Amino acid sequence: MGDDYPTLFRSEEMSLMQFLIPTEVAHDTVAELGELGNVQFKDLNPTVNPFQRSFVGEIRRTDEMARRVRFFESQIQKEKDVVPIRPLYDSAPLVTVGPSAAHNIDGLDVTLAGHETRLGQMNDSYKTLSERTRELVEARHVLRETAVFFEKAETQQTDIRTSFDDSSAPLLQHDDREQQYLSSVQFDLEFVAGTIDRTRISTFERVLWRVLRGNLYMNHTDITEPFVDPATGTETRKNVFIIFAHGDALLAKIRKVAESMGATLYPIDANADKRSDSLREVTARLEDLETVLYNTGLNRRSELLRIGENLARWQDVVRKEKAIYETMNLFNYDVRRKTLVAEGWVPTRDFAMIHMALRHATEESGTSVVPILQELHTSKTPPTFTRTNKFSEGFQTIMDAYGIATYQEVNPGLFAIVTFPFLFAVMFGDIGHGLIIFFAALYMIFQEKKWARQELNEIVGQFFYGRYIILLMGMFSVYTGLMYNDIFSKSLHIWHSGWDFPEPASNGASYAVSNGHMYPFGVDPAWHGADNGLMFTNSYKMKMSIVLGVIHMTFALCLQLPNHIKFKRPLDIYANFIPQMIFLQSIFGYLVVCILYKWSIDWSTRDTEPPSLLNMLIAMILSPGKVDATAQLYRGQGFIQVVLLLLAVVCVPWMLCMKPYFQWKEMQMIQGQGYVGLGHRNGGPRESTDEVLENEEEGNGRAIVEEMEEEHEQHDFSEVVIHQIIHTIEFCLGCISHTASYLRLWALSLAHAQLSEVLWSMTIEKFLGLSGIFGTIALVMVVVFWFSATVFILCLMEGLSAFLHALRLHWVEANSKHYQGEGYLFMPLSFAKLDEKE
Amino acid sequence: MEGLFFNVNNGFLEGIVRGYKSGTLTQSHYASLTQCETLEDFKTQLSATDYGNFLANEPSPLSTATIADKATQTLVDQFNFLRSNSVEPLSKFLDYITYGYMIDNVVLLITGTLHERDTHELLERCHPLGIFDTMPALCVATNVEELYQSVLVETPLAPYFRDCLSAADLDDMNIEIIRNTVYKAYLEDFYNYVSTIGSTTAEVMHSILAFEADRRTMNITINSFDTELTKEQRAKLFPAIGRLFPAGNNALAKADDIDQVRQVCENVGEYRSFFDNSGSAQANGDLGDFGVAAQLEDRFFRMEVHLNKLAFLQQFQYGVFYSYVKLKEQEIRNITWIAECIAQDARDRIHDFIPIF
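In order, the protein sequences belong to chains A and B.
Numbering-wise, my numbering puts 180 at position 180 of the first sequence, and it's gapless, one number per residue.
Numbering-wise, my numbering puts 118 at position 118 of the second sequence, and it's gapless, one number per residue.
Treat the hints as calculated values from the structure; they're not laboratory data.
From a predicted model like this one, the values you see are computed outputs, not experimental measurements.
Certain hints may be false.
[Said to hold, decoys possible] Only pairs whose alpha carbons sit at most 27 Å apart, straight line, appear in this in silico DSS-like list of lysine-lysine:
1) K449/A - K390/A
2) K42/A - K449/A
3) K127/A - K309/B
4) K236/B - K78/A
5) K70/B - K322/A
6) K626/A - K543/A
7) K78/A - K380/A
8) K390/A - K78/A
9) K70/B - K309/B
[As the list claims (entries may be wrong)] Covered stretches of chain B, going by a simulated chain A footprint (3 or more residues, C-beta under 8 Å):
10) 76-88
11) 238-244
[What the hints assert, rightly or not] Facing chain A, according to a computed beta carbon distance under 8 Å, are these residues of chain B, among others:
12) S32
13) A56
14) T119
15) D133
16) A137
17) V140
18) N143
In this text, a Cβ means the ideal position worked out from N, Cα and C, and glycines have one as well.
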């Protein structure tokens, strides 16, 4: 049953369970297991088409229900006044398990269909009504606007006439009579009036002009208010047009063109009285229609309100039902089609809970047949399931992004909780900046409950997800900041400094004199501002990063050990772990020892100069045994270095040959005993207790398991050799390049310190001396600028870059030492996760 | 050199179109589609492909027309995305693709008006890629002159119509002649245009357009047997491009029956297979010329698909855009065919579609 408490050290122990569920409780059982969220079901019919599975009908029905619910949702969203949707926890529960489940679901289906038809009818009538209203409104506009045209035309008529008649002199004598005639009938030109989409007006005009060869007089004006389509809510803008032309053929053509271009034509009388009559009539009808329309709208709204009451619940139910049936589609029927056979991965620890759930489901559904649960033996690798909480989740995600841990492998996510923020902080060491991100993370943690519920945008969401990582990063940065004695690039002076600066000498330089104090913690503030301060921190941070790097790599290498012990691979301990450890320690471990030793010596009292460790390392490899007397660190150095180098050199063939050799020997031994690999194993030893029954049922389960078994890797000898060669080369070269890679700790921390110093000296420092009111105002402004630059450039940008480098150090430098990461994630059926996905 | 700067303006869109292309249905998709029992299954099956949820919000009794419409809509959306993100000369090239559909729409509208169909119904049946602003006004025209003067003069099709202005009245025969004349002009123009936009594009597009032209030539020839169309008129309708041009075209202009067409096609290696089985088909007697033509059409489609697939083997050219549209069109035809077969329960013919990949 594994350990007593769930741990991050290894992923959970998983078992493959077979569920034999009577058909009548299948739905409720799956619902219960979905609430529990602890079982990952396997697809037992991978060859069956999605639409040939057992529960397609139910899925289709839920799809239809989901479509209706979506329809309601879109209708509610389109509604201009907000329709409240009662949140899920507040709405009435709908029982979907137990004996009344089928009834309830049927009821829901009917309710949804009813609402849909009602809403559809209302939409239709609303649409027709608003269509008619729109027509009437358009008609009113046409009447009004044409009236304007006519009035204008009347005032200009005389001019038009005279100008016409100028060219036709013989008609002049009839002028008076014609005038009278005209004023009585008003107009003898025929015309077409209507409305058309504003975007089309120019095309319309062009086409008409061409069709009629210019024999027309067209006038149009804009209708100021837009028409809103009730169904889609889009706005269209229209124009009123009136076209005068002569002759029936032309008018017919105009009508045809207008209709095909989507214009609406309205019959308008040339007579002004009739026009005003119809205007009155239109207005009256419009008023009636608007009342009806208003009432319909009210009805529709109350329907939507009723829907809004339950919408969240319906969405929830439909989503769950769909998930349940999709899961049930993964199941297999037994021979008599009475029970469903399901297989799934289950955390071994949660057996009891699942038993409880199954029993509960049976009780709920009111039958006495309990689903049977039994463990299957399989050679398939179980999924990796690491239990995380909100604190460890972020760190685990960082490691999962590199690769999901192989089943039961040592999980680097656990150690990342400390090492990740620490390596970050080494690069980001500044008390001030650390405090800023610490408080930012703290703020997010206090807002946790509120923010977790609402939807955050992508960037904020990312930061929020990593809030605990940021919190630790901030804390660690404060610590390393204290170590570096850096706060916004200034230093803290807490204890007595170990150095005094006497009066400057004649050339303005002052040499510090030791006063016997020892600064107890971190870097002595006297270094700050000293001419050789940079040189000191440079050398200090560089060496420190090597020390940290070697420690980190050694630690990562050691994590191999529990893996090898757990999976019973003693050969890997002797053939991989030990030589690798010796190789790493004999070169780089030795370097670290030398660094520490060199630090511990007071070189001012020695008669030799401090030797360069870099040159020492190079000389150790290039000219073994010879140590320059001036660059000697300690006595017997040459001999020790030769021994270490030999150790390292021996490790290479050791790593290269031992494992392949032993595997080859093992193979020889097996073949010598007369076994020949079949390349295919039978699915585990069978327990033969109750043969007849078990063989039938188990056989069913087994057959499926075997069918899905992945092809086992052929243990080819050449493959082992090649793999080992690659592994050895990778490790040996990796040791060197990875150690060098840790120098990024030094580079980034130096860059960070320099950048913050530059920011300080370029902004605030220049304004500190200014006095007077302007000085103060300038100082305040500069402080604001400095602070925002600190937050955005130093904390956010530099922080991100340090974050990425820390990430790389974990993924590449540490993980490559022990991590296999060949697992796959445990994805249980879980309603809670279903909600997250939406 | 064109390869060097191709990606500056067109790399993104080429990537997009190649991505679209990788979403075309494969043999296994078709295999599972043909197994569907009902259109509901069909919808479930399609939702697992790149078409995604394009039918999700359709109320339940599905019709094949809806499926075809929605599928075309996805193509149109994709095309519009490409078109609105493109710059010269790609945008011009994409416009050229739409001209073919515009010609079809114009002819559809004229024919419809001639037979006094409802204008709005006709407009709905037009291919959405070939819609242009003044299109509705086409239904007013009663002769070609008027058609040209009132509507077409401002569309990109205007130059193609200039050649057939002489045709006096609109009747079915004349409309067919207009369609072919216009299409001939269009193909020739397109052919010339692709020659100006880089050698790779020209190479790819020429082979596709040449086949298109030859296909039209053969179709015109076969369809004009036993009609009023004179041989001189027929010769005028043949596009002056393609692999049969000029000798083959001349021979086809004089052809009197399908055997002569076959002899002409023998001269081009790739076309030889078109008439392979026609002898046996004729032996069946019942099918006669019609059977050959139907079979021929199928083989033309196969050839077209093959050529369009070849276009994707070349980099840095515009042919992929043309080919994608054509392949997708074929795919929509396939989907519609399968859906039709399911709806009408004609399972024995369900495999008569043209697989693309």
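If you check each hint against the structure, which ones fail?
2, 3, 4, 7, 8, 10, 11, 18
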